[in-house]
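K.L.:
Construct the complete structure from the given sequences, taking the supplied hints into account.
Protein chains in written order, with the working numbering: chain X, 1 to 351; chain R, 1001 to 1293.
Everything labelled a hint here was simulated from the structure, so no lab data went into it.
Glycine is no exception: its CB is placed at the ideal position from the N, C-alpha and C atoms.
Where hints are given, some of them may not hold.
Claimed, not checked - Here are the simulated DSS-like pairs of lysine-lysine, each with C-alpha atoms no more than 27 Å apart in a straight line:
1. R:K1100 to X:K77
2. R:K1134 to X:K52
3. X:K41 to R:K1134
4. X:K77 to X:K52
5. R:K1052 to X:K77
6. X:K52 to R:K1052
7. R:K1206 to X:K41
8. R:K1134 to X:K267
Unchecked claim - Among chain X residues calculated to face chain R with C-beta under 7 Å, some are:
9. D37
10. S40
11. T199
12. A209
13. P335
14. K337
Stated by the list, open to error - To be clear about the criterion: a stretch of chain R counts as covered by chain X if any three or more of its residues have a C-beta under 8 Å from a C-beta of chain X, and this derived list gives those stretches:
15. 1147 to 1158
16. 1243 to 1257
Chain by chain, the residues:
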Amino acid sequence: MLKSIFPTLARLRFTVQILMLFVTVYGGALLGSYTVDRISKALPSLACAYDKVTGDHCVLISVQHQLHHRIGEALSKAGDVALNVFLPTMITVGVFFMFFFFLNKAFCGWICPLGTVQELIYKIGRRLGRPLQRFTKAGVGKVRPVKWFMLLLLVLGLPTLAGMGTVANELGDPFCQVCPSRIATTLLTADTEQLAVRTGTNINFFLGALGNALFGFIIIAALAVRQPFCRICPLLSWNALFQKLSPMRLVKKEAHEKCEKCGVCEKACPMDIHEIGTAFGSKAFHEDCTLCGRCAEYCPDDDVIQLKFFVFKLFGSSRDYYKARVKFESPEGQPKKRVIPILSKPAENKG
Amino acid sequence: MTKTLLACLLAACAATASAAEAPAMVQHDHGAMMHSPSRSWTQLPLLKSRMKGQDMASRSIIMQPQNIAADAVEAWSNDLEDANGHRQLPMEMGGAPLDKPATGGFQMLTAREVQGDGVRIASTVHYFGERGGKNPTAMFDQVKHELEIIPQPYPREHSRYRANEDWQFAVRFKGQPLAGQQVVLETSNGSRAEFLTDALGVVKVKVPNDFKAEAAQRENHGMRRGADFVLAVSHAEGGLQYLTAFNSGYGEDAYANRSLAMGMGFMLVGMLGAAPLLRNRKTAARKEESANA
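P.N.:
This is the structure we're talking about:
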């Protein structure tokens, strides 16, 4: 019955994404208006606390807050590093891991509201006939370190230094000030407050301007680039730190020599993980992987690529499934139906 | 790789620290940021909180009744089942100390004065800046005095009342809603307004935007300077005249010190930056061919 409702993994994932978009963006209307009503307060996805009706908010704001107000301040006293300083952070990480244990990076590919928004924009771009801009191997190599830099500097470093008094207090939550999800999710609730740039101090103005420009860039780039912000998202790198600890994972079996020459899984991967075509075993589960499952959907061989929870196979590649899938959509996400002709020239008549 | 990243981080932090504005206070005084200076701007009973101590570990709260002679302050916790769910805070020199219970979160505080046939009640809410264990709705629903003004809801954690925002309050007498009751609003900025409760005893109050332009707008830790408001209602029954008041702080309008126009401008800059990505390479190539032809 489940297969008749969700004939493809992509349909199931899309349904989950839309449901979770409503939960993360509007869920507070049902759960309650107070922060204590939020589901976890440590979600491994970019659900935003600035959204007044959010159903939950991401772990990064809790981490920044605790580094700023507890750990940073305690370090500045260089001695009062008691358990009650680290305990809230330990609780935050513990709650985060309780959720992460079961879904691993699927929080990125199935739950994150910003990820869903980018995918929806990309689908629109396909219909409008916009070109697909892919990253080369060299290009991907240059972009990947950015997410670690964002994590170390914006999420961990600056809030700690702000708590210690080494840098200005306005740098207590710098990632939140540049995160596109803050603007995207609040705009979805018809709240324009976060779109308005703070003008009180130079630092707030600079961060706000940067955040707004990044948001504008992302929503246009998403028409042609798959998951543009996910590639530099510090939550991707945060989740990558823990991905080996979860039994939910992507596994690629060593099949045959044609595997490396096929390359369809690489084309299907929205994060341009070229290693999926060449690596095997647990190495195929790359730090950039969001467990969207498209590589498994588009692998033309049986059970070469699998999504597994412990030893249980949740989804495995299949030749029949691949044949049915490509009839409707290419590995790059291009629908086989006609695009909207407004922005693309009609095909020339030949002969 | 890891060492390279750590080195970059240290360099970036050093550069940021040196380029940053004058370092902020290590221990910022939330009390000064959240509340306006004490002044006799109303005759209505108030219950003000003052923070002592400069960091979270040593901070203590003193509840100071104003315009009301109370022997004690009563405190209700957002966790009514807790040992500190309901307690009496004795008055000391300067006020009644309020220590943070383990549950943290929201506390509702009241002070009561009975003189002759008059009963005066001051009430307010204090938030300890930590996540509480429970939603404070049950705390607000708990009947505490005969005549009450109850926020529905109270601003969520790390938020506050702000100018130009609409907030609902329930007025009830002995736990029952009071319909058609006049509610008076006064602010420390000099505004005054009157409202009527509806059939369900609920009143929608628009917080006035009565901040005067100031030469120095101080923005610290995302908090702006604020003012105080008090809502009051009176009711006579059983030969007694009841007056209850609810006071709290409020801040400037959400868009004060913000620019939507600039925000949209920067967003458009970003969008223009991404526009070349949308260009169809074949179209660009054809245009180049026709230009060369």
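K.L.:
Could you run down the list of hints and mark each one as holding or not?
P.N.:
Hints, verified against the model:
| no. | hint | verdict |
| --- | --- | --- |
| 1 | R:K1100 to X:K77 | holds, 22 Å |
| 2 | R:K1134 to X:K52 | holds, 18 Å |
| 3 | X:K41 to R:K1134 | holds, 13 Å |
| 4 | X:K77 to X:K52 | violated, 35 Å |
| 5 | R:K1052 to X:K77 | holds, 19 Å |
| 6 | X:K52 to R:K1052 | violated, 30 Å |
| 7 | R:K1206 to X:K41 | violated, 30 Å |
| 8 | R:K1134 to X:K267 | violated, 48 Å |
| 9 | D37 | holds, 6 Å |
| 10 | S40 | violated, 12 Å |
| 11 | T199 | holds, 5 Å |
| 12 | A209 | holds, 5 Å |
| 13 | P335 | violated, 17 Å |
| 14 | K337 | violated, 19 Å |
| 15 | 1147 to 1158 | holds (count 4) |
| 16 | 1243 to 1257 | holds (count 3) |
Of the numbered hints given earlier, the model fails hints 4, 6, 7, 8, 10, 13 and 14; all others are met.
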